[in-house]
Amino acid sequence: MFTTEFLDLPPLACAGGSVQLPGSKSISNRVLLLSALSEGTTEVRDLLASDDTRVMLDALRQIGCDVREDADAVRITGLGSRAPTSPASLFLGNAGTAMRPLTAALALLGGEFELKGVARMHERPIGDLIDALRQLGCQIDYLGNDGFPPLHIRHGNGLPALALSEPIRVRGDVSSQFLTALLMALPLAAKDHDIVIDVVGELISRPYIHITLELLARFGIEVKHDHWQRFTIPAGSRYRSPGVLHVEADASSASYFIALGALAPAKAGQEGIRVLGVGQDSIQGDIRFVEAARAMGADIESGPNWLHIRRGQWPLKAIDMDCNHIPDAAMTLAVMALYADGTTTLRNIASWRVKETDRIAAMAKEARKLGALIEEGPDYLRVTPPASAAAWRAASIHTYDDHRVAMCFSLAAFNPAGVPVRIEDPKCVAKTFPDYFEALFSVAEACAGRIPVICIDGPTASGKGTVAAAVSQRLGYRFLDSGAMYRLTAYAAIQAGHAIGAETETQIAALARQLPVRFGGGRIWLGQEDVTDAIRTEEAGMNASRVSALAQVRTALVDLQHSFQQLPGLVADGRDMGTVIFPQAPLKVFLTASAACRAERRHKQLISKGISSRIDDLRADLEARDARDQNRAVAPLKPAQDALVLDNSDLSVDEAVDQVLAWWHERQPFGA
0 MFTTEFLDLP PLACAGGSVQ LPGSKSISNR VLLLSALSEG TTEVRDLLAS DDTRVMLDAL
60 RQIGCDVRED ADAVRITGLG SRAPTSPASL FLGNAGTAMR PLTAALALLG GEFELKGVAR
120 MHERPIGDLI DALRQLGCQI DYLGNDGFPP LHIRHGNGLP ALALSEPIRV RGDVSSQFLT
180 ALLMALPLAA KDHDIVIDVV GELISRPYIH ITLELLARFG IEVKHDHWQR FTIPAGSRYR
240 SPGVLHVEAD ASSASYFIAL GALAPAKAGQ EGIRVLGVGQ DSIQGDIRFV EAARAMGADI
300 ESGPNWLHIR RGQWPLKAID MDCNHIPDAA MTLAVMALYA DGTTTLRNIA SWRVKETDRI
360 AAMAKEARKL GALIEEGPDY LRVTPPASAA AWRAASIHTY DDHRVAMCFS LAAFNPAGVP
420 VRIEDPKCVA KTFPDYFEAL FSVAEACAGR IPVICIDGPT ASGKGTVAAA VSQRLGYRFL
480 DSGAMYRLTA YAAIQAGHAI GAETETQIAA LARQLPVRFG GGRIWLGQED VTDAIRTEEA
540 GMNASRVSAL AQVRTALVDL QHSFQQLPGL VADGRDMGTV IFPQAPLKVF LTASAACRAE
600 RRHKQLISKG ISSRIDDLRA DLEARDARDQ NRAVAPLKPA QDALVLDNSD LSVDEAVDQV
660 LAWWHERQPF GA
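Quick note: the sequence shown uses numbering that gives the first Met the number 0, first residue 0, plus one each step.
Among the clues, some could well be false.
[As the list claims (entries may be wrong)] Here are the computed lysine-lysine pairs in the DSS-like style, where the Cα-Cα straight-line distance is at most 27 Å:
1. LYS368 - LYS316
2. LYS115 - LYS426
3. LYS190 - LYS266
4. LYS364 - LYS426
5. LYS190 - LYS223
6. LYS266 - LYS223
7. LYS426 - LYS368
Everything labelled a hint here was simulated from the structure, so no lab data went into it.
If you're wondering where the values come from, they're calculated on a predicted model, not measured in any experiment.
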């Protein structure tokens with residue numbers, strides 16, 4: 000998952016391949032709560048791992064459920080007839096799928112609870128649900144503004160006296176989560192007679208209520224409804240664990256890859272995008288996004304657990320659509336509309352305004368940055384794409400801590416102008432799809448020569464490796480420690496039983512081309528083996544020198560180093576990076592420091608490892624090595640002609656990193 004402050008997406012050209020989607024957020028949190036309310040243990044497989052499910056799991060532990068997690072499943076032993084642990088203070092982040100249902104369930108279970116979240120959660124309405132619960136006699140107080148969390152639920156002497164003889168009325172035109180919360184909580188009280196819920200006004204987001212009813216049935220609760228306006232929970236209802244339950248993949252998350260297949264040309268040798276984990280038999284309403292994408296021109300095939308999407312009509316067709324049935328996925332249509340042949344109108348989307356952010360306002364503001372003409376209303380959005388390819392503008396997209404804004408606007412990187420797009424706070428996708436950008440990069444391909452590279456070179460002990468690794472981490476770019484490549488090759492050759500010499504040159508070169516090397520967290524990995532220390536010995540250095548004399552190996556390692564130029568970008572550290580390997584890199588930094596400063600740093604480093612040394616000896620060795628490197632016949636150590644020289648003798652690591660990043664930002668169209 001990207002944890003950087005922002006993520007710069009270079010221009011993307013095409014896409015193709017398969018994507019395995021994470022589990023559905025809507026299903027995941029419903030299943031977790033239903034498991035907690037049931038008798039017995041429920042094994043939940045394919046659960047979404049996200050911020051929203053994490054806060055729900057933490058809350059269930061706090062109220063007394065036994066929750067056990069492993070790599071394959073989460074096992075929850077429910078409360079059944081037991082009272083929850085009380086008092087408890089529950090932090091629910093920005094998860095509406097946790098806040099609303101838990102409020103209703105805890106109000107009926109008995110005890111004393113405080114429910115709170117992040118600042119945005121305290122701006123999301125819950126008053127209509129509280130009004131409905133108060134009709135029953137539940138005691139719930141607002142701890143801040145009326146109608147909004149945080150909340151205090153209290154029952155000093157067990158369950159309140161519930162008023163169940165009359166239908167419970169709840170508004171349906173603000174959020175379907177209010178009705179879902181009641182449907183999941185009220186079976187706890189339906190012991191002796193039916194409980195009826197009447198929906199006041201139009202019920203929005205009916206597909207999400209369909210999900211709730213389907214899952215209630217799996218836990219033994221058969222709710223009847225009359226045209227989605229009256230719901231009846233039968234007397235004698237009792238939650239029973241289904242034992243094992245699989246969470247189907249998230250149909251809302253599928254929308255980004257359906258859109259991707261519709262708007263991006265296919266990679267060479269590929270036939271569009273294949274989405275795995277959700278298909279035509281999904282219980283999720285957002286699977287109907289497929290119909291909307293087809294209406295815009297996408298070519299889509301589907302099966303029981305898969306979708307296959309190809310680009311069809313191009314440009315896409317503008318549409319005028321009532322989106323009440325796909326409220327979350329409809330956001331993706333707003334970005335698809337940027338690639339359409341006219342003005343697209345998305346209607347009946349008032350619920351966007353009370354989500355993680357005011358999504359109508361957010362989508363309008365950010366799409367305008369790209370050059371689109373936008374009209375927004377109380378419950379609609381009208382999108383006219385940029386007038387021509389030249390009218391597209393590079394933009395830094397503010398994401399409002401809203402996962403769907405971030406994922407939607409990543410698709411703008413396929414724009415016909417070839418301008419980059421910056422996604423601010425990319426980690427917000429953790430709410431539902433922590434590895435979204437990794438999944439996108441696995442199927443997307445950048446425009447030729449447009450994956451950015453930063454090269455950092457310099458003399459021995461100048462700090463180039465430390466600075467380069469820190470820059471890559473700050474940008475979310477891949478990292479290449481070129482100085483380790485010959486050591487790694489020599490190590491792998493010896494492990495494979497090859498003596499290092501001319502007679503094994505071909506075999507070692509073949510090995511070098513396929514080295515499964517990766518860098519991360521300050522460590523170096525060869526396949527699954529951490530070889531950081533093994534390749535830093537004196538013997539490893541001598542073997543690296545012998546390997547470097549083999550011409551075929553040098554050629555192979557050039558190819559291997561080129562392969563590190565992958566999305567979203569690369570920071571390459573070491574000799575010849577800016578002069579030989581990546582001569583077209585847009586930023587080359589030559590990091591240097593005085594011999595005295597470098598000797599002092601090396602001395603401190605050795606002392607910290609328990610190795611005795613003398614600063615004078617270290618300085619003499621560094622000066623001698625500098626002379627050799629600068630005067631060698633092949634690739635002498637010197638800055639590339641277009642490199643920026645940074646003397647970090649008096650700079651901390653952070654200050655050096657900040658300077659490199661400042662130079663990088665100056666080269667971007669977004670500004671600092």
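*Which numbered hints does this structure break?*
Violated: hints 3, 6.
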